[in-house]
Amino acid sequence: MLTKTDYKNYLECPMWLWLSKYRPELLPEETSDLQRRFAMGNEVDALAKKLFPEGIEIQGYNKEGWANTQKAILSGSKILFQPTVIEGDLSCRADILVKNKDDSWDINEVKMATSAKKEYVFDVGFQKICFERAGIKIRKTNIIHINNKYIRHGDIEPEKLFATDDITRETDKHLPETEEGIKEALKVIKIKEEPSLELINGCNNSKRCEYLECYCNGIKNIQSLVKDIQPKHILALLNREILDSKKIKQNILDAAGYVLPEKFTKIDVDAIKKEFKKLKYPLHFFDYETYGSAIPPFNGMRPYQQMPFQYSLMVKDSPDSVVRHFEFLARTFENPIHSLLAQLKKEIGPEGSVIVWYAKFESGRNKEMADMEPDFADFLEDVNDRIFDLLLIFKHKNQMYIKSEFNKLASLKIVLPVLCPELSYKNLAIQGGGDASSSWPVLTSDKTPAKEKEQLAKNMLAYCKRDTEAMVGIMDKVLRDIK
DNA sequence: ATGATACCATAGGCTTCGGA
DNA sequence: TCCGAAGCCTATGGTATCAT
1 MLTKTDYKNY LECPMWLWLS KYRPELLPEE TSDLQRRFAM GNEVDALAKK
51 LFPEGIEIQG YNKEGWANTQ KAILSGSKIL FQPTVIEGDL SCRADILVKN
101 KDDSWDINEV KMATSAKKEY VFDVGFQKIC FERAGIKIRK TNIIHINNKY
151 IRHGDIEPEK LFATDDITRE TDKHLPETEE GIKEALKVIK IKEEPSLELI
201 NGCNNSKRCE YLECYCNGIK NIQSLVKDIQ PKHILALLNR EILDSKKIKQ
251 NILDAAGYVL PEKFTKIDVD AIKKEFKKLK YPLHFFDYET YGSAIPPFNG
301 MRPYQQMPFQ YSLMVKDSPD SVVRHFEFLA RTFENPIHSL LAQLKKEIGP
351 EGSVIVWYAK FESGRNKEMA DMEPDFADFL EDVNDRIFDL LLIFKHKNQM
401 YIKSEFNKLA SLKIVLPVLC PELSYKNLAI QGGGDASSSW PVLTSDKTPA
451 KEKEQLAKNM LAYCKRDTEA MVGIMDKVLR DIK
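In UniProt numbering, the protein residues as written are 1 to 483.
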């Protein structure tokens with residue numbers, strides 16, 4: 001049986017589909033970030049249903065769902081939520097099915113994205129094929145997506161939060177391709193033995209594909225796979241922890257004809273000194289954690305707007321002084337920016353540089369908050385004028401501070417372990433901004449036990465503090481290197 | 001999932017120039 | 001005078017990099 005999810009997995013990476021059917025235990029665990037995204041998707045689905053007050057919910061999955069769907073259609077229901085269809089090898093659920101004046105139906109697929117992306121034609125095409133094979137005629141296929149111009153005032157208004165795009169033409173145009181893809185996907189799920197190289201190289205994932213890595217955890221003879229593999233997958237193999245033997249790594253590299261670049265460090269002392277001349281003490285090392293959702297949680301916010309709920313601030317008054325640390329963390333699920341700004345205004349001095357990693361992010365949040373809290377607009381503008389972006393020292397094209405280990409990248413999570421391995425995130429419960437973000441609603445929920453909240457708060461504070469410690473450590477290291 | 005920005009490949013429109 | 005090749009500029013679409 002091939003479900004719509006199976007088909008989408010296949011389109012991204014055939015190996016993913018195969019693993020999900022035969023070796024699901026090898027798939028990566030759901031991260032809290034992913035869980036939050038699923039939860040958000042469910043909320044979006046629920047809100048979209050409010051666009052159709054007449055709709056009825058179809059209960060059950062698979063055969064039961066299909067039986068209930070048929071029952072609802074026969075009894076004359078005109079709007080169905082979550083109808084299921086099973087036909088031959090295929091199984092799928094639609095979001096919202098709406099009957100027309102004749103005997104045809106329109107498919108409405110709810111997406112949390114802010115536009116009708118072109119890859120949705122395969123998703124919706126799969127649904128159309130399923131329903132039509134089962135004798136349910138489909139006229140239009142629509143995408144109901146988030147309208148990111150919407151600004152919340154009071155209760156969420158679904159008819160303003162959502163926009164609908166008719167993608168029938170595009171869907172139909174790609175229908176033959178969709179049919180072909182379904183045939184291929186069905187072939188994949190019939191492979192009983194270990195998949196061949198062909199399957200791995202069918203991967204369409206533009207980024208590093210984690211599913212090959214997962215697969216490698218489950219087989220012994222990795223070296224036999226190496227010939228003719230895509231370069232992105234070679235790197236994936238090299239990152240596997242099970243490849244701790246240098247000899248195996250070298251074999252893989254040799255087989256692929258891949259030469260690791262030689263290690264090097266390049267420091268343009270003059271250029272960095274010139275940049276650092278712009279700095280004024282006291283130095284304020286600063287970092288926000290933010291929360292954003294497809295459904296804006298508070299008034300004045302638009303979908304996906306990132307709202308700061310936490311910061312860490314480390315102040316260094318002079319080159320040799322000890323840092324003073326300040327922090328803020330909102331403990332209730334209310335718009336936190338007023339209290340955040342009130343505290344920040346007291347803690348951040350009127351003089352001195354504000355050092356951040358990737359200035360666009362922090363300055364962008366400051367601009368948004370200035371619009372929402374006009375009383376703080378001058379203050380925020382002043383802070384933005386004093387921002388210094390530490391990332392630009394490491395930006396590859398700037399050629400100021402380059403190490404081969406950076407691989408031409410310059411995120412904090414890449415630079416830090418090379419320059420200050422002692423400040424690793426490894427021992428922290430929260431390891432990235434995404435986790436911090438998804439922790440905030442948990443921290444502020446009535447349903448979370450007090451004890452758990454305390455632990456969570458500690459973890460969140462430790463993470464955000466570490467981001468600023470990292471900048472302090474990196475700054476010290478660079479200052480030593482250019483002395 | 002967003003968004004700003006950077007970068008790259010490609011397409012199209014336009015001019016220029018040499019050969020016939 | 002005409003035509004196509006070559007060169008150049010701009011627009012566009014796609015992908016990647018940062019942050020959460």
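Everything labelled a hint here was simulated from the structure, so no lab data went into it. Where hints are given, some of them may not hold.
FRET-style restraints, in silico, Cβ to Cβ [said to hold, decoys possible]: (1) THR31 x SER404: 25 to 33 Å; (2) MET40 x SER321: 38 to 46 Å; (3) LYS413 x ALA113: 37 to 45 Å; (4) PRO374 x ARG139: 45 to 53 Å; (5) HIS153 x LYS183: 24 to 32 Å; (6) GLU54 x VAL442: 34 to 42 Å.
Where is the CB? At the ideal position from N, CA and C, for every residue including glycine.
Verification of the supplied hints:
For the pair THR31 and SER404, the beta carbons lie near 29 Å from each other, so the given range of 25 to 33 Å is met. Distance hint check: the CB atoms of MET40 and SER321 are about 44 Å apart, consistent with the given range 38 to 46 Å. Between LYS413 and ALA113 the beta carbons are some 26 Å apart, a value that contradicts the proposed interval 37 to 45 Å. The given range of 45 to 53 Å is respected by PRO374 and ARG139, whose C-beta atoms sit roughly 49 Å from each other.
The beta-carbon spacing between HIS153 and LYS183, approximately 50 Å, falls outside the hinted interval of 24 to 32 Å. The hint said 34 to 42 Å for the Cβ distance between GLU54 and VAL442, and at roughly 36 Å that hint holds.
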